[in-house]
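The numbering used here applies: residue 11 is where the first sequence begins, and numbers increase by one.
Mixed in with the good hints, there may be bad ones.
Okay, derived cross-link-like pairs now, DMTMM-like style, lysine to aspartate or glutamate, Cα gap no bigger than 20 Å in a straight line [to be verified]: (1) Lys151 to Asp607; (2) Lys239 to Glu454; (3) Lys854 to Asp828; (4) Lys165 to Glu454; (5) Lys628 to Asp593; (6) Lys592 to Asp607; (7) Lys633 to Asp607; (8) Lys239 to Asp435; (9) Lys628 to Glu575.
Pairwise CB distance ranges (calculated) [to be verified]: (10) Ala159 to Asp603: 54 to 62 Å; (11) His364 to Gly671: 57 to 65 Å; (12) Ala753 to Ala605: 55 to 63 Å.
Hint data in this document are derived by calculation from the structure and do not stem from the laboratory.
Computed from a predicted model, the values in this text were never measured in an experiment.
Built from N, CA and C at the ideal position, the CB exists for glycine as well.
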Amino acid sequence: MSRTDDRYNVKETEARWQTEWERRQSFRAKDDAARPKYYVLEMFPYPSGRIHMGHVRNYTLGDVVARYKRARGFNVLHPMGWDAFGLPAENAAIQNKVHPAKWTRENIAAMRAQLKSMGLSYDWSREIATCEPDYYRHEQKMFLDFLEAGLVYRKESWVNWDPVENTVLANEQVIDGRGWRSGALVEKRLLSQWFLKITAFADELLEGLQGLERWPERVRLMQENWIGKSEGARVFFDITGRADKLEIYTTRPDTLFGAAFCAIAANHPLAAELAAGNPALAAFIADCNRMGTSEAAIETAEKKGLDTGLTVAHPFIAGKTLPVYVANFVLMDYGTGAIFGCPAHDQRDLDFAHKYGLPVVPVVLPADADPASFAVGGEAYTGDGTLFNSDFLDGLAVPEAKRVVAERLQQAGIGERTVNFRLRDWGVSRQRYWGCPIPIIHCESCGAVPVPEADLPVVLPEDVSFDQPGNPLDHHPTWKHVACPSCGKPARRETDTFDTFFESSWYFARFSSVAEDRAFDRQAVDYWMPVDQYIGGIEHAVLHLLYSRFFTRALKHCGYLGVAEPFAGLLTQGMICMETYKDADGRWLFPSDVAKDADGGLIEAATGRPVTLGRSEKMSKSKKNVVDPAGIIDTYGADTARLFMLSDSPPERDLDWTDAGVDGAWRYVNRLWRLVLAPAVPLPPVGTPAPDNFGPQADKARRQIHKAVAAVSDDLERFHFNKAVARIRELTNLLAELAPDEAGAPWVLRHGLETAVQLFGPMIPHLCEELWQALGHEVLLIDSPWPEADPSLLTEDTVTVAVQVNGKLRGTIELPVDVDKAAAERAALALPTVAQYLQGRAPKKVIVVPNRIVNVVG
RNA sequence: GGGGGCGUGGCGAAAUGGUAAACGCACGCGACUUAAAAUCGCGCGGCUGCGGCCUUGCGGGUUCGAGUCCCGCCGCCCCCACCA
């Protein structure tokens, strides 16, 4: 028998309110300088075709914030778009013979429909897709402006080259030295690439982190480490028998008198030069280049070097020379690609010295060591101390010595203090089709010529084929052949496209205005930026968030906008996890393949073989533990999915998906529905003024309502959504138990239900809108202000105070609020249990914490 | 190797240095039902002689009082990593 009449009809209700909000254009943001703005943004998705649980969590979190701030009176901007360029579209083109543009646009349509079914309060009029010319044309202009501002350059650089796919791979796409799809051994190739000069802002990006108080400490630290500022010195060593010098970088110039050797990287220009006449060296260099860069390879690789035969002169010890090695542990792209080694005070240098029989001269003396006998054995001394064996540095402390030696180097013109960064410039060239064309034309006479502004955008041609390896733009019959804008001679278009991080580095600002003719309306972008709250996964802690910070500074530098930092607040949500199963051979199993045997043990349904329950892991296809949100939303509705996402775990922590938990959320949604639509007592009409008298329970409930308002508001401000849910549940539990015949009870019940609906509005918006209407309101809930807590109802007349004897709880007393300490002490000492535990002793001391606790020390 | 985080019931979790376990999940018992589901009620950290006693990974410390602060271990997780 159908019982739909007394159960909440989710599908119909959710669809109806989604339509109604859309019809009213409720979430359109209007530029209104008179109102305080609030810009909340979730990281936009790659249009893979289907939303996953991570999206559901991300967008639910953002929607709660957006709706809450809206109710609080802010002018809210909450937009959505598509990070639409990228590799999967090209893979689909190759595998399924579907054009990347078609594939992407269809995926966007499918995902847009899915997002709409979640009831998210987006301003869809500002939707953007980065693969469309009306978006990427602006970044072509930005690139040219950056070029003019000296923030772009072209240089040869070593890249990961997949010889099967004929393309460059990002570092993340190289797994144990092999291409992630082809499985081919990746080669290093020297290619001309475009770079954005992110290092020009290294110091600013580092210092800017200080001001990002609403960012997780963890993310700031990760960026700080990534930028990797170190202070040290460059030293120019005279090379014996040559006119040029060897330039090294060190953070320990104070240990210069302990130097035993110099070492250069295998791909250092000097190494290449020497290898020309030295076959052994050439072989060694080739060996170094072959070594993998995977963690395991680095972990196990032996520290090796080869003496080049070259020597350099010690800058301060007349007549002393140091051998120069090529060493496999020296990196060309950090510092100068060359080091000096001080074995006594660096473990790696010490190992190297032992291996090649180099002298170990200690120059830093630990505080209580004897200079006559102090020696370094198997372990380098890296601590503080006083310099010795060091001529003019003798007796100085380490920091002092660093300063003094740098001064001497500088005076002598053979070195200088420098600051070094780990941060590398950002290579943006990709030998890929599905990306934004780099607006450059290569001319044999004029070099790399910018495409004139009037010719922008350089539109990606859609008539390309994917039936041969490599970049389709390169194979296109006509596209790349153009006249040089400068001299008119035949020239060739740049066929590389931008790294897809390029698009996501400015999309947040684009949402402020989507005008055709320019990237941003200056007034609009200055009104809306920065993003007040950005929400997304921790996996973007460095790359996307750092690129965006850099890009925003570069845009500011070029006069596009006025802010330097794009994201004032950042919330990094945890992953969605789900339990995993493995069969007897250790292969992953779908939960649907697992059954229980007669004893309740886990078995494989098809074979009866035993199954082991694995730990809860991040949902992923390979682990077969993915739950598709579409099915959940279809069965339980968006509100249930949203409530589950918010209920159990704090947003920044990982969330375990459980079917039982979803059921729990579903049951609560229905309980709330029944509580409002079938209340224990008939509710007074909407707007009924408060009665004069309340029975004791009703009065208590009335106070609890206001406490809930205060607590939930505070929780939402701090993104403690799980606590907010708990507090509203507490409130509705209380309301369900309210004695109906007490004075004022019906009024309190209405007041409580209205408040609960308002407080839950941002989290389960469809149900709440429905219930708000059912409670008799004509104005929509989304257009109603947030409830205010009455301060006079937040305090009680009396308070329960805990009484301890020697720190252990021995009872409680009911005291008037803010009673004086003496009275509290008297009341506590009057407790029989207190006397009992004092065992006749007089209390030595009594600590009274007003309204909280009395601790009797005896 | 460097940096960071976490450790509280069977599970997810609460707890401005002040009554540990709120809220929920699972489970158990009961009511309603011919029955099941749904719903409602009760119980639910451990031990107990029913007076209580013990309990926040382990060991110390600070404090009248520590899950919370400090020191040292153990375990797990994440990020970076031949960075001079």
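Outcome of the hint check:
1. Lys151 to Asp607: violated (65 Å)
2. Lys239 to Glu454: Cα-Cα ~40 Å, so violated.
3. Lys854 to Asp828: Violated, because 24 Å separates the two Cα atoms, which is more than 20 Å.
4. Lys165 to Glu454: holds (17 Å)
5. Lys628 to Asp593: Status holds; Cα separation ~19 Å.
6. Lys592 to Asp607: At roughly 16 Å apart (the allowed maximum being 20 Å), Asp607 and Lys592 satisfy the hint.
7. Lys633 to Asp607: violated (23 Å)
8. Lys239 to Asp435: OK: Lys239 and Asp435 at ~14 Å, within 20 Å.
9. Lys628 to Glu575: violated (31 Å)
10. Ala159 to Asp603: 54 to 62 Å: holds (58 Å)
11. His364 to Gly671: 57 to 65 Å: This hint holds: roughly 58 Å between Cβ atoms.
12. Ala753 to Ala605: 55 to 63 Å: Given a distance of about 58 Å, which is inside 55 to 63 Å, the answer is holds.
Violated hints, in rising order: 1, 2, 3, 7 and 9; the structure is consistent with all others.
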